[in-house]
Amino acid sequence: MKEFLHQFHLLRRMNWVMLLMIIGLIVVGVCFIYSATSMREDSTVDLYAKQIRWAIAGMVCYFGVTLFDYRRLRDVSWLFYFVALVLLVAVLFFGTRIYGAKRWLMFMGVGVQPSEIGKLAVIILSACLLSPAAEKFDRLPSFWRLFLLAGIPMALVMKEPDLGSALVYLPVVVAMLFVAGARIKPLVIIGASGMVGVLLVLAAVALPEQMGMSPEHQERFFQAIHLSEYQRNRIEVFLQPGKDPMGTGWNKRQSEIAVGSGGLTGKGFLSGTQNILGFLPRTVAPTDFIFSVITEETGFLGAVGVLTLYGGVIISGLYSAMMARDKMGRVLCVGIVMMVFTHAFVNMAMTIGVLPVVGIPLPLVSYGGTFMVITLFALGLIQSVYVRRPGL
Amino acid sequence: MAAGETILLELKRIRLVLIIMLGLLLLLTVMLFDLQVSRRPEFEASLHKQSVRRIRLPAPRGRIFDRNQKCLADNQPCYCLAFNLEDLRQPGRWKNTVAEVQRRIGLLKGLIGRKAIISEDDIWNHIRRRLPLPLVAWRSLDPAALARLSESSADMTGVEIYVEPNRVYPNGELAAHLLGYVGKTDFSGAEMPGFQYYLPEMDGKMGLERQYNKIMVGEPGEKLVRIDASGLKRAERMDKESQSGANVLLALDSRIQALAESAIKDVPGAVVVIDPNNGDVLALASSPTFNPNQLMPVFTKALWDQLNDDPGKPMLNKAVAEVYAPGSIFKPVTALAALNSGAVSAAATVDCPGYFMIGNKAMKCWNLNGHGVVDLRRGIEQSCNTYFITIGLKCGNEAISDLAKLFGLGEKTGIELDREASGVVPTPEWKQKYWHDDWRNGDTCNFSIGQGALAVTPLQMAVVAATLANGGAVYRPRLVLGLQDMQGNSLTNFSVTLVRHLPLAPEVVQLVRQGMHDVVMEPTGTGGRARIPGVEMAGKTGTAEYGEKEDRKKHGWMILFAPYDKPRYAVAMVVDDAVSGGFTVGPRLHQLMMGIFRVPDGQGEAGG
Chain E
0 MKEFLHQFHL LRRMNWVMLL MIIGLIVVGV CFIYSATSMR EDSTVDLYAK QIRWAIAGMV
60 CYFGVTLFDY RRLRDVSWLF YFVALVLLVA VLFFGTRIYG AKRWLMFMGV GVQPSEIGKL
120 AVIILSACLL SPAAEKFDRL PSFWRLFLLA GIPMALVMKE PDLGSALVYL PVVVAMLFVA
180 GARIKPLVII GASGMVGVLL VLAAVALPEQ MGMSPEHQER FFQAIHLSEY QRNRIEVFLQ
240 PGKDPMGTGW NKRQSEIAVG SGGLTGKGFL SGTQNILGFL PRTVAPTDFI FSVITEETGF
300 LGAVGVLTLY GGVIISGLYS AMMARDKMGR VLCVGIVMMV FTHAFVNMAM TIGVLPVVGI
360 PLPLVSYGGT FMVITLFALG LIQSVYVRRP GL
Chain F
0 MAAGETILLE LKRIRLVLII MLGLLLLLTV MLFDLQVSRR PEFEASLHKQ SVRRIRLPAP
60 RGRIFDRNQK CLADNQPCYC LAFNLEDLRQ PGRWKNTVAE VQRRIGLLKG LIGRKAIISE
120 DDIWNHIRRR LPLPLVAWRS LDPAALARLS ESSADMTGVE IYVEPNRVYP NGELAAHLLG
180 YVGKTDFSGA EMPGFQYYLP EMDGKMGLER QYNKIMVGEP GEKLVRIDAS GLKRAERMDK
240 ESQSGANVLL ALDSRIQALA ESAIKDVPGA VVVIDPNNGD VLALASSPTF NPNQLMPVFT
300 KALWDQLNDD PGKPMLNKAV AEVYAPGSIF KPVTALAALN SGAVSAAATV DCPGYFMIGN
360 KAMKCWNLNG HGVVDLRRGI EQSCNTYFIT IGLKCGNEAI SDLAKLFGLG EKTGIELDRE
420 ASGVVPTPEW KQKYWHDDWR NGDTCNFSIG QGALAVTPLQ MAVVAATLAN GGAVYRPRLV
480 LGLQDMQGNS LTNFSVTLVR HLPLAPEVVQ LVRQGMHDVV MEPTGTGGRA RIPGVEMAGK
540 TGTAEYGEKE DRKKHGWMIL FAPYDKPRYA VAMVVDDAVS GGFTVGPRLH QLMMGIFRVP
600 DGQGEAGG
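Residue numbers (numbering that gives the first Met the number 0), protein chains in the order written: chain E, 0 to 391; chain F, 0 to 607.
The hints are simulated quantities; they were obtained by calculation from the structure and are not laboratory data. Note that this is a predicted model, so its numbers are computed, not measured. Using N, Cα and C, we set each Cβ at its ideal position, and we do this for glycine too.
Computed spacing ranges between beta-carbons, pair by pair:
1. Arg-219(E) - Pro-199(F): 52 to 62 Å
2. Leu-21(F) - Gly-110(E): 32 to 42 Å
3. Asp-33(F) - Glu-2(E): 51 to 61 Å
Could you build the full structure based on these sequences and the hints that come with them?
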């Protein structure tokens with residue numbers, strides 16, 4: 000009984016603003032998954048209903064994790080990390096191939112994306128390793144050790160290949176190190192070299208053709224730098240949008256038209272013509288391009304609404320970080336907020352055509368089971384930190 | 000570093016992270032504003048361009064009626080069976096959909112009883128070029144096939160029976176040259192700005208269908224179709240209703256037209272009947288003719304070649320587009336010119352020995368025994384060449400050509416038919432220009448008796464006959480009385496056009512009319528074979544050689560007006576390969592006038 004009262008007491012200390020924002024985003028997601036799929040001929044699969052089930056499962060996790068003391072993660076962080084690594088290796092061998100990439104592991108009919116689990120595992124492990132206050136993280140060995148630990152899953156995700164998800168690791172680890180007190184200079188070097196790396200990839204895709212390399216030589220070159228055709232296409236589309244408007248550039252172009260034609264107030268719920276008429280491909284409308292559907296139907300005002308909800312999640316998440324009772328709590332919250340933010344920002348930016356289409360979902364809104372549960376699990380950890388803040 | 004300072008540093012950095020994140024969200028907001036508010040028109044235009052198509056809808060075509068509201072050109076519903084590919088789209092490649100359409104065609108073939116008009120290539124073409132429109136597989140379904148379709152239990156998903164207006168000419172060949180025919184409009188993109196698709200439209204290709212095409216076509220309607228990413232129709236909206244075209248009301252009397260056509264049906268030629276009181280064209284026929292219904296909706300190349308290679312030229316409207324030497328039917332004009340010039344008096348006589356000496360060359364009169372002493376009236380009745388050459392030389396070619404032009408010869412009458420010929424009234428200037436030769440007395444002699452370079456159309460001669468009938472008023476032939484809307488309310492009336500009144504003394508005209516009266520009514524008259532009981536008529540026969548001299552081929556002519564006192568009909572008829580005007584044309588005009596005046600068959604004198 001006492002235990003129950005204690006837990007009730009903990010729940011009353013929750014960050015309610017954050018919970019409201021989360022629920023708001025999930026509701027928006029369910030509504031527009033419904034809209035994005037309502038015109039489908041094969042309406043036997045009601046994706047929105049599935050999403051509701053996943054959201055409920057996710058919320059159960061969320062409250063469960065809230066009650067779980069995040070400090071006890073220290074005991075399982077390494078185990079969790081290795082399980083994630085095993086899954087990431089397994090997916091390369093046993094994964095289901097969709098559109099040329101092996102990203103999914105099937106467990107009893109439920110698809111799981113190990114890359115999502117990997118992100119969370121890296122965040123938890125990093126938070127644990129960074130938390131002993133005595134340790135100096137400006138000492139290079141432990142600094143590089145952390146990058147090595149983050150780099151292994153990142154490399155495995157790249158191998159799937161899933162360039163977008165892999166790149167999310169970088170800002171997350173950098174932000175956690177930054178808040179943990181790392182010296183600015185090595186961080187800037189890491190950040191800068193990351194940027195240079197991305198630029199190099201872009202250049203590698205664009206330059207051979209511009210330098211007049213023959214197709215065979217280009218092929219050999221791309222094989223040498225381990226860049227798949229699929230990745231190359233997406234990057235090329237970003238660099239030269241007009242090159243192939245009916246092929247790989249289609250999604251980007253149609254998404255821009257959907258967003259742009261939405262105007263200030265949008266075309267109304269269930270009235271987004273780009274989606275209804277199938278110009279926005281039905282396979283991606285409820286997932287990676289859900290923001291496109293939302294903005295087409297609700298316009299700029301709706302988009303600002305979604306941005307506000309994310310802003311609320313970020314503010315309350317970082318507020319929780321500041322209120323945390325220990326360093327581990329602070330770093331953990333920053334890592335999770337950064338993960339959610341990076342996903343949201345990159346997804347929305349690619350929807351409006353300012354970043355390449357890298358296939359990153361919009362957290363809590365895009366259709367997708369694993370990602371919904373993992374995101375709610377992670378956000379639950381923030382609540383776990385917040386309810387155990389000092390005071391009262 | 001103290002623990003407290005470390006915490007402060009961490010909090011500071013968290014705030015920095017927060018500021019960066021909110022800054023990036025703000026940046027996104029600005030970019031969204033740029034996209035959705037500032038650049039919205041640009042994306043709306045792209046959206047419209049890729050998902051909206053404008054279709055042009057033909058309006059109901061105006062019909063053509065004769066003066067008694069009898070329909071000559073009508074629209075008939077043509078039942079078509081079409082497939083809507085929206086409903087037949089199969090998953091996967093288009094190949095599957097094409098196969099499905101072919102399977103449906105196979106299933107329906109038995110019910111309809113004949114092969115579909117489309118091949119696999121046509122289906123592919125339709126998918127590539129006209130996807131949002133229905134794909135027509137059968138045209139002109141008969142009622143039996145429609146009944147079988149409606150009773151059958153076959154799967155009718157995606158099958159649409161729709162009605163396409165078809166032009167029909169209920170009287171077949173009647174007035175074919177006047178009415179013309181229609182074909183399917185062949186739009187090139189430039190002619191149809193703003194439209195991506197169109198439905199078949201009728202376009203006049205000949206005759207009144209062509210001349211009045213703009214009026215009968217009306218205003219096309221517009222339909223907007225929203226298409227999806229694969230190009231199939233998702234929704235449609237009527238943007239503009241079509242405005243039906245106007246009906247055309249003709250002066251033609253289809254009863255007289257039918258009589259006129261039957262009078263020349265067995266020989267190449269033409270006949271025109273005009274009301275001398277106002278110029279109304281009551282009949283205008285050309286032989287041989289064609290059936291415009293066979294030319295629609297599309298004609299076969301074989302039929303087209305057959306029509307064009309026929310030496311009788313069935314597609315040519317000989318009444319307006321062919322010129323002939325008038326021969327003796329021109330003589331009333333010569334007589335009027337001579338009398339009016341004052342060079343010849345009505346009482347003056349000429350002794351005809353059967354020839355006329357011009358220089359040292361003899362010009363034969365058609366009666367080699369000679370007509371003896373003839374005056375004007377007998378000269379016309381007997382069509383004596385010697386008399387007309389004599390008076391022609393007296394008054395001079397200029398007086399004749401001036402009057403001929405006042406009659407409207409040598410220029411188009413302005414009737415609303417295509418390819419009207421103007422004919423030739425020869426003058427010294429004309430001869431100099433085209434033949435590079437001087438005008439000689441021989442030319443005047445030929446001119447006086449309607450030979451030489453003089454060339455006229457049957458319609459022009461009908462106008463001459465009408466002018467002689469009414470005493471000198473030249474009316475412009477009026478083919479169209481007016482326009483009506485679809486309900487038959489009058490929209491426009493075309494007025495009678497008096498071109499001019501000839502500057503001739505009434506007694507002079509009366510003298511010539513008397514001569515023409517005798518041509519038909521006197522027992523010795525050359526046009527006696529045209530006579531009918533109970534109606535006094537006046538006319539003039541003519542014969543003119545054509546083709547190679549040794550073939551000895553002759554056009555037979557006759558102009559006629561009736562009744563003599565108060566003429567209501569003025570007729571001109573020409574036929575190929577005649578013995579003479581009186582012998583060949585006379586009986587045909589007899590048959591025509593018997594019909595026009597409704598004289599019962601048994602009562603008529605035998606045509607010769």
